[in-house]
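Chains A and B, in that order, are what the protein sequence lines are.
Under our numbering, the first residue of the first sequence is numbered 1, with each subsequent residue one higher.
Under our numbering, the first residue of the second sequence is numbered 1, with each subsequent residue one higher.
Because the hints were derived from the structure by calculation, they are not lab data.
In this text, a Cβ means the ideal position worked out from N, Cα and C, and glycines have one as well.
There's no promise every hint is true.
Said to hold, decoys possible - Computed footprint of chain B on chain A; a stretch qualifies when at least three of its residues, placed anywhere within it, have a C-beta under 8 Å from a C-beta of chain B:
| hint | segment |
| --- | --- |
| 1 | 6-18 |
| 2 | 79-85 |
| 3 | 104-112 |
| 4 | 118-124 |
| 5 | 183-191 |
| 6 | 198-210 |
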Amino acid sequence: MTIDEENIVLDRLIICSKCHTLHHKVHIAKGKSAKCENCKKVLYHYDERILDSGLALGITGIILFVISNMFPLVQVEFLGHEQYVSITSMIFSLFENGFYVVGITVAFLIFIFPLMILIIYVALSWMMMTGQGRDTTKELLILLSKLLPWSMIEIYVVSILVALVKLIGYMQVHFGLSFWALVLFMILDIYLSKNVHIGELWELRNRIYCDKGR
Amino acid sequence: MIREDRIIDESKLLRCTVCEAVNLDKGDDIYCHRCNSRIFRNPKLSTSRAWAFLITAFILYIPANIYPILFSEKLGSRDANTIIGGIIVLWEDGSYPIAMIILVASVLVPILKFIVLIYLLIKSKTKRYKKNKINQHKLHYMTEIIGPWSMVDVFVVAILTGLVHMTTVRVIAGPGATAFVLMVLFTMFAALSIDVRLFEERDKNGSS
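Working from the sequences, and respecting the hints, build out all of it.
In structure tokens:
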């Protein structure tokens with residue numbers, strides 16, 4: 001058996017990401033998804049518009065991300081003093097207080113990585129729709145799968161709520177426009193990570209670029 | 001058509017961690033046939049790497065709990081709060097749900113992660129005499145999912161530091177926060193560097 005034949009056989013199989021049960025891929029109807037027999041985790045979808053939704057949601061996400069960084073997230077009032085926080089001002093005040101490790105980590109986890117992921121989604125969808133950038137898409141897909149575990153927007157939103165509950169007895173708390181943008185951004189982020197599987201993107205990429213080459 | 005049942009040894013199939021493609025285990029260094037990234041190095045090396053990360057994380061866990069994670073200044077007087085101290089204060093103030101969230105996120109999750117990772121690493125060394133009841137892959141998956149949630153406390157400290165810096169009231173992060181951040185990062189590195197080849201062989205099509 002040659003390597004190519006072997007790879008064709010291997011590509012007909014899929015291993016569940018949760019319990020590592022081996023499955024043979026089956027054809028499924030449009031809009032349906034295949035689930036693992038053992039643990040019910042979704043293995044793959046049949047989604048024709050994976051690129052369209054990737055592009056649209058990616059751009060929406062970038063807009064929401066910009067909004068959530070332009071305005072205050074939360075405002076507090078205490079004895080006539082008003083103070084607000086945004087993602088960037090929070091990171092800067094960590095730096096000002098000398099907490100460089102915390103500041104850099106937080107900056108990566110809730111600012112740089114989420115933004116990079118969105119940009120990668122947009123770039124990937126665009127390139128694969130137009131059929132260009134064969135090697136770039138490969139690099140981007142590899143980068144994407146390495147970044148995904150390190151985006152912590154949803155944890156950050158929960159943390160904002162926890163922090164506010166701590167303050168609520170002492171101060172008046174108002175949510176800013178950015179907070180709601182961030183909540184929408186979080187929902188979108190969760191939707192993307194649940195519905196766009198890396199494996200599907202790779203298969204699509206192989207179909208788009210390798211069939212062309214033949 | 002290629003006959004597949006004859007030529008593929010099911011116990012030697014691996015899932016690429018980068019692109020999720022199925023690969024055949026051909027020895028120590030395997031490169032994924034779809035994305036060319038190295039899936040796993042020598043399993044012994046990745047085990048000792050995981051141990052190194054885990055021990056580092058465990059050492060960092062001690063200052064993370066001993067040193068205050070935040071200081072709060074009210075009218076000149078300064079209060080230092082450790083993680084446990086913060087939870088106790090919240091509990092006494094009556095905000096039980098928040099106290100529970102922080103207890104779970106910053107105390108139980110890291111401890112659970114340590115226990116699970118140590119269990120997985122030790123289990124992978126010992127010979128498999130009988131079938132395990134716990135699916136080790138599932139355990140590993142769970143630690144990867146719940147791991148990041150221990151960042152809640154760090155984010156809370158960051159938000160409070162950014163938000164509350166008035167002349168009368170101020171909140172500043174404490175040295176415990178730095179140790180805690182590093183601890184979470186190192187446990188995540190440890191979870192990511194575990195080689196799944198060391199886990200028990202998979203059940204065939206879920207018939208366990």
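Note to self: Tell me the hint numbers this structure goes against, listed in increasing order.
What the structure shows: 4 and 5
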